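Enquirer: Chain by chain, the residues run as shown.
There are 2 protein chains.
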Amino acid sequence: MKRTTFANWPCSIARTVDLLGDWWTPLVLREAFYGTTRFDDFERVLGIGRNVLTQRLGRLVDADILERKAYQQNPPRYDYVLTDRGRDFFPVLAAINSWGDRWLATDDGPPVVMEHASCGHDTTAEVVCANCGEPLRLADVSLHLGPGYPERHRAAALATGRFRTPD
Amino acid sequence: MKRTTFANWPCSIARTVDLLGDWWTPLVLREAFYGTTRFDDFERVLGIGRNVLTQRLGRLVDADILERKAYQQNPPRYDYVLTDRGRDFFPVLAAINSWGDRWLATDDGPPVVMEHASCGHDTTAEVVCANCGEPLRLADVSLHLGPGYPERHRAAALATGRFRTPD
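Top line first, the protein sequences correspond to chains S and D. Take 953 as the starting number for the first sequence in my numbering and just add one per residue. Take 953 as the starting number for the second sequence in my numbering and just add one per residue.
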């Protein structure tokens, strides 16, 4: 059964989750952030099936999140290396990780701790307003339609009452 | 076929993605952040099957991300309302959204824009170091085992070379 595709929804969350495809993908990305580049290493560390891994790596390459770099010609073998777009997903995983640390850790505390080399301290990820730097909270935001919202769907979207009408 | 469970991995990313279950779940949460509380409204706006929606809402209730509040007794009908844990997931979705805006938007620009009422400006989510406030970048972090990493797995984890040994 083909799953529902979210790729063309006018919503960056839906597009992103569609691109990731399933929950193995963030874990493959986590491995890439740990420095893993080889198929066999992804397979061994994650305990993921080879056919599933092939599919997920291929999807990440198609999406320009990883790129293949040959390290051997005969037979051809590749490193899977993060692109700029892929590296830019790290903060998202860091935000997921911090939420999990806050709400899903055992009483012992977080399993893994991140140190920020720039400031020299153990830290966690915090999501803030890019403009004022204050933590972003649901209660403090409102949404309006952006320039990329399809014209033919704008009236219906505004009718839901969830978006502020243009000023 | 039962999918692989990540719930007990010593990794807050794996635990979080296990809890979410599949990609419908972040979109159900997105709707909750938009203010949707009724089963029929989730169904209508997302175009999700009723059995899938029932399962996803039940999972979010079990995980203490949503709670059921009766608004009618006979027959019983419920609002699905965000808990503190659920509201705290908003910054994660905001970070996903910003990444999608940066890398997956059409040439027209982002489909939806967030305004931060606290500062009065259109904004995006930024993920920063909770200690120094600088943007978190992969190149600037290192990881070490935390107190919640299972004792019996610590030696093997250190042997992978991905975690700094204790100071």
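Don't read these hints as lab results, they were simulated from the structure. Keep in mind it's a predicted model, so treat the numbers as computed, not measured. Just so you know, not all the hints are guaranteed correct.
Any copy, or any two copies together, can satisfy a pair, since identical chains are not distinguished.
Heads up, simulated SDA-like pairs for lysine to any residue below, C-alpha to C-alpha not over 25 Å straight-line [as the list claims (entries may be wrong)]:
#1 K1021 with F985
#2 K1021 with D1031
#3 K1021 with D1060
#4 K1021 with E1067
#5 K1021 with R1089
#6 K1021 with R1114
#7 K1021 with D1092
#8 K1021 with R1106
#9 K1021 with T1112
#10 K1021 with C963
#11 K1021 with G999
#12 K1021 with H1096
#13 K1021 with L1090
#14 K1021 with L1009
#15 K1021 with G1001
#16 K1021 with E1103
Enquirer: Now tell me, hint by hint, if it's right for this structure.
Expert: Evaluation of the provided hints:
no. : hint             : verdict
1   : K1021 with F985  : within (17 Å within a copy, 41 Å between copies)
2   : K1021 with D1031 : within (5 Å within a copy, 51 Å between copies)
3   : K1021 with D1060 : neither (41 Å within a copy, 33 Å between copies)
4   : K1021 with E1067 : neither (30 Å within a copy, 41 Å between copies)
5   : K1021 with R1089 : between (41 Å within a copy, 23 Å between copies)
6   : K1021 with R1114 : between (45 Å within a copy, 22 Å between copies)
7   : K1021 with D1092 : between (44 Å within a copy, 24 Å between copies)
8   : K1021 with R1106 : neither (43 Å within a copy, 32 Å between copies)
9   : K1021 with T1112 : between (47 Å within a copy, 23 Å between copies)
10  : K1021 with C963  : neither (32 Å within a copy, 29 Å between copies)
11  : K1021 with G999  : within (23 Å within a copy, 40 Å between copies)
12  : K1021 with H1096 : neither (42 Å within a copy, 29 Å between copies)
13  : K1021 with L1090 : between (42 Å within a copy, 20 Å between copies)
14  : K1021 with L1009 : within (13 Å within a copy, 42 Å between copies)
15  : K1021 with G1001 : within (22 Å within a copy, 42 Å between copies)
16  : K1021 with E1103 : neither (41 Å within a copy, 37 Å between copies)
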